[in-house]
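Residue strings, one per chain:
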Amino acid sequence: MTLKGDLIDLPLLDILHIFQRDGRNGRLSLLKGRERAVIWFQCGEAINALLISDDSQQPPRVGEEAIFALAHWPHGSFRFMPLITDEHDRITITRPTMQLIVEMLQQRAQASLPHLPPDLTMDTALRAPLQMIDLGTRIDLNPMERTILHILRQQHTPAQIVAHTHLTPEQVLCAIARLIDLGLVATVTLADLPDQQLVAPVPLRTKQHSTSKLVRAIKRRLQQLHAA
Amino acid sequence: MATYKIVVTGTYAAGKSLFIRNASEIEVVETEAPVSDPYERQLKAYTTIGLDFGVLQIDKEHHLFLFGTPGQERFDFMWEHLAIGCLGYVVLVDSCRPADFGPTSRLIRRFAEITSAPFVVAANKQDALGALPPDYIQLRLGLPDSIPVLPCIAHEMSSVHAVLFALLDRIEALSAAVPEVGDESSTH
Numbered sequence: 001m002t003l004k005g006d007l008i009d010l011p012l013l014d015i016l017h018i019f020q021r022d023g024r025n026g027r028l029s030l031l032k033g034r035e036r037a038v039i040w041f042q043c044g045e046a047i048n049a050l051l052i053s054d055d056s057q058q059p060p061r062v063g064e065e066a067i068f069a070l071a072h073w074p075h076g077s078f079r080f081m082p083l084i085t086d087e088h089d090r091i092t093i094t095r096p097t098m099q100l101i102v103e104m105l106q107q108r109a110q111a112s113l114p115h116l117p118p119d120l121t122m123d124t125a126l127r128a129p130l131q132m133i134d135l136g137t138r139i140d141l142n143p144m145e146r147t148i149l150h151i152l153r154q155q156h157t158p159a160q161i162v163a164h165t166h167l168t169p170e171q172v173l174c175a176i177a178r179l180i181d182l183g184l185v186a187t188v189t190l191a192d193l194p195d196q197q198l199v200a201p202v203p204l205r206t207k208q209h210s211t212s213k214l215v216r217a218i219k220r221r222l223q224q225l226h227a228a
Numbered sequence: 229m230a231t232y233k234i235v236v237t238g239t240y241a242a243g244k245s246l247f248i249r250n251a252s253e254i255e256v257v258e259t260e261a262p263v264s265d266p267y268e269r270q271l272k273a274y275t276t277i278g279l280d281f282g283v284l285q286i287d288k289e290h291h292l293f294l295f296g297t298p299g300q301e302r303f304d305f306m307w308e309h310l311a312i313g314c315l316g317y318v319v320l321v322d323s324c325r326p327a328d329f330g331p332t333s334r335l336i337r338r339f340a341e342i343t344s345a346p347f348v349v350a351a352n353k354q355d356a357l358g359a360l361p362p363d364y365i366q367l368r369l370g371l372p373d374s375i376p377v378l379p380c381i382a383h384e385m386s387s388v389h390a391v392l393f394a395l396l397d398r399i400e401a402l403s404a405a406v407p408e409v410g411d412e413s414s415t416h
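Line by line, the protein sequences give chains A and B. Residues in the first sequence are numbered consecutively from 1, following my numbering. Residues in the second sequence are numbered consecutively from 229, following my numbering.
No wet-lab data here; the hints were simulated from the structure. Treat the hints with care, as some may be off.
[Stated by the list, open to error] Below, simulated EDC-like cross-link-like pairs (lysine to aspartate or glutamate); rule was C-alpha separation at most 16 Å, straight line:
hint	chain 1	residue 1	chain 2	residue 2
1	A	Lys32	A	Asp54
2	A	Lys213	B	Glu384
3	A	Lys219	B	Glu400
4	B	Lys288	B	Glu253
5	A	Lys219	B	Asp287
6	A	Lys32	B	Glu253
7	A	Lys32	A	Asp9
8	A	Lys219	B	Asp397
9	A	Lys213	B	Glu253
10	A	Lys213	B	Asp397
11	A	Lys32	A	Asp6
12	A	Lys219	B	Glu253
All of these numbers come straight from a predicted model, not from anything done at the bench.
Chain A on its own, in the form it takes in the complex (with noise of 0.2 Å):
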């Protein structure tokens, strides 16, 4: 089975990143209206990218030219094909990819003005992901994004990181907002389900068939049926 999807769903920089950590091999098609581009992985490193356009003042794009480019697609959709074989005959990317992937968090650092996203509150339940906080050591953040995003190896609000650092509501807020748009900090949308979940339905309490005698019922007929 392919990957497939939109780049909304799965950002180009999260592909790259993911591609690389898990070693893939294949080729990644794109298309976004009128342009069409690929991407080949070999070990998970992307050593050769084609990006065409049917508008012909648009010259064809390839190598590092091309993934750049890519990675201002904020749409458009993607299939990954895992291939066995080398089916690939040139290599026009020669650079690791994680110093790709590096250069293309640096840039939108620079380029991104923190706006604030609407869902965005002080209690919004956040996390940085460990590998994100590892690409957040090698790019260009200032003292307090970098303590935040820290902080944020531990799910967290910002009311809470308010609550334990010197930094006031809006300047928590605004570095939040641009770890965000770097992609190193996402929000913990489901973060209020553990606790609903701590309520044991009905079922669970009674007193014919107690819980725990139930489930290793359960778990000893899996077992045998597993052995069998």
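For this one, chain A is given, so just place chain B on it according to the hints.
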């Protein structure tokens, strides 16, 4: 005979029917029909329109019913009937379709409104070469650390059992804090 219920849910073509088929001890009761929507037909030819039903015989007197929900949101009126009174539920997500992450988040929230039963999230199709890693899927679903996303291959019985084991662990852990009370019937 006392019966208990576990529900398997997820968006369209996440692999729910296959999951139940590999967990059930009986021939699964399926209510499948040819797909009418041209876009959805690209994903699979037949879809569950009512529910999938399987059984795990715990012992002579106790049975565990496995219910699979229809995946399309237009059938969400069925979810409530199926979810109420369940021991817990499994949310399946297709690891190769990032477009499904938003609908899956909505489905998780909707189920949490319907039932307070514990649940686990399983990233299905992890054997596919294009599959996204479970930790990334957890991030995109907006799930907190306390709800990890388990790797899953629904056509492998061992993988299905591993997901059910994880759900049972969660049911046990979360119910440990709740005192046993009364003499309510356990049949649902």
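Hinted pair, alpha-carbon criterion (16 Å max): Lys213(A), Glu384(B). Please report holds or violated.
Between Lys213(A) and Glu384(B) the Cα gap is close to 27 Å, so the pair fails against 16 Å, i.e. violated.
Given the proposed pairing of Lys219(A) with Glu400(B), does the C-alpha separation stay at or below 16 Å?
Holds. Lys219(A) to Glu400(B) sits at ~11 Å (cutoff 16 Å).
Would you check the hint for Lys32(A) and Asp54(A), treating anything up to 16 Å between C-alpha atoms as holding?
holds (11 Å)
Compare the distance between the alpha carbons of Lys219(A) and Asp287(B) with 16 Å, and conclude whether the hinted pair is satisfied.
Measuring from Cα to Cα gives roughly 12 Å; hence the hint holds.
Hint check: Lys219(A) vs Glu253(B), CA-CA at most 16 Å. Holds or violated?
Between Lys219(A) and Glu253(B) the Cα gap is close to 14 Å, so the pair holds against 16 Å.
Straight-line alpha-carbon gap Lys32(A) to Asp6(A), limit 16 Å
holds (10 Å)
Satisfaction of hint between Glu253(B) and Lys288(B), Cα-Cα up to 16 Å:
It holds: about 14 Å lies between the C-alpha atoms, which stays within 16 Å.
Does the alpha-carbon distance linking Lys213(A) and Asp397(B) stay inside the 16 Å limit?
holds (12 Å)
Check the hint pairing Lys219(A) with Asp397(B) against an upper bound of 16 Å on the C-alpha distance.
Satisfied, since the Cα-Cα distance of roughly 9 Å is no more than 16 Å.
Taken at face value, is the distance from the CA of Asp9(A) to the CA of Lys32(A) at most 16 Å?
Within the cut-off at roughly 14 Å; holds.
Quickly compare the C-alpha distance for Lys32(A) and Glu253(B) to 16 Å and report which way the hint goes.
violated (48 Å)
Is the Cα-Cα distance between Lys213(A) and Glu253(B) 16 Å or less?
violated (21 Å)
Hint violations for this structure: numbers 2, 6, 9, all remaining hints satisfied.
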